[in-house]
Amino acid sequence: MIFVQLLVNSLIIGSIYALVASGFSLIYSTNKFMHFAHGVMVAVSAYLLFLTFDLLHISFWISCILTLIGAAILGLGTYRLLYLPLQNRKSSNVILLIASVGILILFENLLLLIFGADIKTIGFISVSKGMEFAGVIITPLQAIIILTSIIIFIALWLFMNYTKLGRNMRAVSDNKELANIIGINHRAVADLSFILGSVLAGIAGILIGLEQNLAPTMGMNLIIKGFTGAIIGGITSVPGSVIGSYILGIAENYGIWWLPSEYKDAIAFVLLFIFLLFKPNGLFGKKGGRT
Amino acid sequence: MIEAYFVHILILVCIYVILAVSLNIALGYTGLLNMGHIAFFGIGAYTSALLTKAGTPYIIALFAAGILASLMGCILVYATRKLKGDYLALATLGFSFVVYSLMLNWTSLTRGALGIPGISKPCFFGLCIANNNEFLVFALIITALTVFIIYRIANSNFGRLLQAARDDELGLRVLGKNTFKLKMKSMMISAFFAGIAGSLFAHYISYIDPGSFMMNEVILVFTIVIVGGLASIRGSIVATFIIIIIPELLRLVALPSSILGPARQIIYAVILIAILLLRPKGLFGRIDLE
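Protein sequence lines correspond, in order, to chains G and X. Each position in the first sequence, counted from 1, maps to that position plus 18 in the numbering used here. Each position in the second sequence, counted from 1, maps to that position plus 860 in the numbering used here.
Looking at chain X on its own, in the form it has when it is part of the complex (with noise of 0.2 Å):
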C-alpha cells in the first residue's frame, strides 16, 4: 500500500519536473514571462487523450501532442510579440483562460465539463504498461531525456543566446541576431515539453477534465521554477520534490480531504510568496526575476 502510494509520488514529480524544466527554458533562460505553460499541458493532454481514443499509436500520439503544443507556443509569440512585462506575463494568462474556456465549451469534440475518462495506458508496437510500476519506469525515462535534451540545449551556443536575449535584448540584436526568432524557439521547445507531460499526466490519471489546467497549477509550476531558481535546471528538479512532498506530510496527520485541498494551496501560496520576500534568487539562481 505504502509503496503504491511512493511510486505515485514519484509519478508526480516526474510530469512536475518535466512542467518545470520546461518552464525554466522560457522563463528562466529566456526571461519570456509565460503565465500561459498550464495551457500547453493541457493542450498535450488532450491531443494525446482523443488521438489515442480515435485509435492513434500512443507513440505518434505523445509526439503529436508536444507538437501540437509547440505550434500553440509559436502563436502565441508571434501574438504577443509587441508586449513586455506585466502586459506579457497577463496576456499570456489570458490565452490561458482562452484555452481553458475552449476544453469546457467545444463540448463536441472535449466533452466539456464531463472530462474525457478511460483513457488507455501507453501501448509500444503491441507492449502496453499494465501497472503503476511499469509507468514509473516509462516516466522516468521521458523526463531523464527530457532532462538531457534541456540541459544540452540551456548549455549549448543557443542556450547562452537565448541568456543572452534576456540579458540584453537590444545589445544582441546590435550584434546581428534575430532575438524574436530565438524567443520563438525558446516558447517552441518550451511548449513541446509540456505537451508531452501533458500526455503523460492524462495516459496515467486516465481521466482529464479542464479543471486540471486552471490557473491554481500555473501558480504550481511557477513556484517550483522561483523556488528552484531561474535559469537552473538542478533548481527545478530539485524545488519539484520539495514542492511536491511538503503537501503529502499533512496526510500523515490524517486531515479529512475537504481541509487537504485547501490547504496544500495554502502551502504552495505561502512558499511564493515567502521565496519572493526572503530569497528571489530560489534555491540554485543565479539570476533574479525581472
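One chain only, chain G, in its complex shape (with noise of 0.2 Å):
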C-alpha cells in the first residue's frame, strides 16, 4: 500500500516538477539558451494570484486569467529588453545564463521586499481531507493538479505537432537558417515561445499557489527541480523533460524510503549533477549538448 501511496505522491509531486520544465524546455528548445529565471516567473505569477484573489477580492478565474497575461507580458519582456538586446550584440550562452540569474534574484528579491518575507496562503480552496480512494490518500485539489497538468501536456504535444504555429517553433528548433529561408520568422517564433513558456509557467504558479504555501525563495527551488526534470528526460525536448520531471518525482518519493527524508533535495541534485556529467542530452534529448 505504501508503495501505491508513494506512486501517487510521485504524480502529484512530478505534475508540478514537469509543469515548471515544460516550459522551460519549450523556451530552451526555441532559443537554446537557459532561462533560468523561468522559475521566478512561477513564483511572481502565485503571488499575482494572491495578490488579485486575496488582496484585491477579484473573483477567482477572472484573477487567473490576470496572473496569466502578467506571466506572459513579464516573459516577454524579459527577452525583449533583456535577451535580445544581449543576443544581437552576440552575446554567448553563459552571458544569457548569468543574465537570467540576475533576473532570477532580481524577482525573488522583489516579491521579498513587496510581500514580506512570512509565508502566504491562497485561499480558494479550503484545505480539505484527503479522500481514500483504494487505500491510496490523495485530496480533491492534487487529483485537480494531476489532471489539469495531463490535460495541458497533451494540448502542447498536440499544438506542437498538428499546428502550423507548433510546427514553425519546432523548425526553428530543429535548425533555425533553415527555418528562416523557408521564411519563417524566427523573432516571432522566439516571442511565441517566451510567451507560451511564461504562459505555463503562470498555469504552474497558479496550480502550486492552491497546493502550497507561497514564500519568495520558491522559485529558485522550482526551477531546480524543473531544471533537473528537463535535464533528465532532455533539455531539447518538450516531452523528454515532461517524462523526465516524473522520474525525478519517483525518485525523490522512492528514495526517501530508505534514506532520511531531509535528503529529498539531495536527491536531485545528485541527479542533475550524474546526468550532467554522464548523460547530458538526457533521455530523449537530441545530440549536440556537449558543445
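Hints are not guaranteed to be accurate.
[To be verified] Taking beta-carbon pairs under 7 Å as the criterion, some of the chain X residues facing chain G (in silico):
#, residue
1, 939
2, 946
3, 958
4, 1079
5, 1129
6, 1132
[What the hints assert, rightly or not] Here are the simulated DSS-like pairs of lysine-lysine, each with C-alpha atoms no more than 27 Å apart in a straight line:
#, chain 1, residue 1, chain 2, residue 2
7, G, 50, X, 942
8, G, 297, X, 1045
9, G, 108, X, 1141
10, G, 304, G, 194
11, G, 297, G, 50
12, X, 1041, G, 297
Since the hints were derived computationally from the structure, they do not count as laboratory data. All of these numbers come straight from a predicted model, not from anything done at the bench. Using N, Cα and C, we set each Cβ at its ideal position, and we do this for glycine too.
Quick one: dock chain against chain with the hints and give me the complex.
Encoded structure:
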C-alpha cells in the first residue's frame, strides 16, 4: 500500500515539476539558451494570484486570467528588454545564463520586498481532508493538479505537432537558419515561445499557489527541480522534460523510503550532477549538448 | 562605534577580494566557467572550523582548508572535463548545490542547519587574535599575500599559458601543451585561495551555517569579477570595494533590516544586469566574457 501511495505522491510532485520543466524546455529548444529566471516567473505568478484574488478580491477565474496575462507580459518583457539586446550583441549562452540568474535574484528579492518573508496562502480551496481511494489518500486539489497538467501536456503536444505555429516552433528549434530560409520569422517564434512558456509558468504558479504555501524563494527551488527534470529527460525535448520530471518525482519519493527524508533535495542535486556529467543530453534529447 | 563598523567592512572587503581574485584566475584568465566557487569557500570554512574545534592549531587548519578545497577543485575539473559553455557553468553550479546539501544533511559532521557556533579566533603559537582590529591586520596580511601570489602567477609564463588555453585551446594543444592539466592547475589554485577565504570568514564571523554558501553569494562574487573585468586583478580589487560598499550606503538612510537584505540583493542584481548590457568588459577588463 505504501508503494501505491508513494506512486501517487510521485505523480503529484512530478506534475508540478513537469509544469515548470515544460515551459523551461520549450524556451530552451527554440532559443537555445537557459532561461533560469523561468522559476521566478512561476513564483511571481503565484504571488499575482495572491494579489488579485486574496488582496484585491477579484473573482477567482478573472484572477487566473490576469495572472496568466501578467506572466506572459513578464516573460516577453524579459526576452525583449534583456535577452534580445544581449543576443544582438552576439553574447554567448553563458552571458545569457548569468543575466538570467541576475533576473531570478532580482525578482525573488522584489517579491521579498513587496510581500515580505512570511508565508502566504491562497484561500480559494479550503484545505480538505484527503479522499481515501482504494487505500490511497489524495486531496481533491491534488487530483486536479495531476489531471490539469496531463491535459495541458496533451494540448501542448497537439499544438506542437498539429498546428502551423507549433510546427514553425519545432522547425526553428531544429535548425534556425533553414527555418529562416523557408520564410519562418524566427523572431516571432522566439516571442511566441516566451509567451507560451511563461503562460505555462503562470499555470504552474496558480496550481502550486493553491497547493503549497507561497514563499519568495520558491522560484529558485522550483527551477532547480524543473531544470533537473528537463536535464534527465533531455532539455531539447519538451515531452522528454515532462517524462524526466515524473522520473525525478518518483526518484525523490521512493528515495526517501530508505534515505532520511532530509535528503529529498539532495537526491535531485545528485541526479542533476550525474546527468550533466554522464548524459548531458538526457534520456530523450538530441545530441549536441556537449558543445 | 563608527570605527568598529569600518573595521568590519574592511575585513569583509578583504575576504571578498581573496574570493574575487581567486575566481578571476579560473574564470578570467583560464576561461573556466566556474559557478561553484562558493562551494570551495564553504568547504574551506567548514574544514577550518571543524579542525580547530577538534583542537588542531589554526595555522594547520588554515592550510587544510585551502588544500581540501583545492582537492575538490581537482575532482570537479576532472569530473566536468568533457563539458563546455553553459553546460559547464551549470554542472559547477550543480556541484555547489551538492556541497550545500551535504552541509545541510550530513548532520553528524556539520550539525546541518543549526550551523557551527563558537568558532575560536585564530591563534599562532600561543598568540591569539583578541579583537577585530587585530583580525583586520591578519586579514590584510593574508589578502596581500594572496593578491601578490596570484599576480605573480597571472604574469608568469604559466599565466600566459592559461590565457592561451582560454583564447585558443586547440592551437595550444597543437603546440604540444596539455590544456587539461593547465585547467586543472588553474582550478586548484583558484579553489585553494577560496578555501583560505572560507577559513578567514569562519573564524571572523565565528558562526557558520549552510545558508552562507548559497547561490546568492555565487552571484555576488561573479558580479564582482565581471564588474572589475575578466583577467584584471586590479579590476577585481576595485570592484570589491564598490560592490561591498554601495549597499552599505543604504544603512545611512536607516532602513529596517527586513528591507535592507532584499534591497542589497536587488542592487547586486541590477549592477550585474546593467554591466552585462552596457559594458560587458567591465571596468578594467580587456577581454569579453565568452
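Holds or violated: residue 1041 of chain X with residue 297 of chain G, Cα cutoff 27 Å?
24 Å, holds
Identify whether the interface hint at residue 946 of chain X stands, where standing means a beta carbon of chain G within less than 7 Å of its own.
4 Å, holds
Take the C-alpha atoms of residue 304 of chain G and residue 194 of chain G, compute the straight-line distance between them, and say whether it is at most 27 Å.
15 Å, holds
Pairwise hint evaluation, residue 50 of chain G against residue 297 of chain G, where the allowed Cα distance is 27 Å at most
18 Å, holds
Take the shortest C-beta to C-beta distance between residue 1132 of chain X and chain G; is it under 7 Å?
4 Å, holds
Between the alpha carbons of residue 297 of chain G and residue 1045 of chain X, is the straight-line distance 27 Å or under?
26 Å, holds
Taking the closest Cβ pair, is residue 1079 of chain X under 7 Å from chain G?
6 Å, holds
Does residue 108 of chain G pair with residue 1141 of chain X here, judged by a C-alpha cut-off of 27 Å?
OK: residue 108 of chain G and residue 1141 of chain X at ~14 Å, within 27 Å.
Take a quick look at whether residue 50 of chain G and residue 942 of chain X sit within 27 Å of each other, Cα to Cα.
19 Å, holds
Going by Cβ atoms only, is residue 939 of chain X closer than 7 Å to chain G?
6 Å, holds
Given a cut of 7 Å on the nearest C-beta pair, is the interface hint for residue 958 of chain X held or broken against chain G?
5 Å, holds
Interface restraint verdict for residue 1129 of chain X against chain G (beta-carbon cut-off 7 Å)
Holds, about 4 Å.
Consistency with the previously given hints is maintained throughout, with no hint failing.
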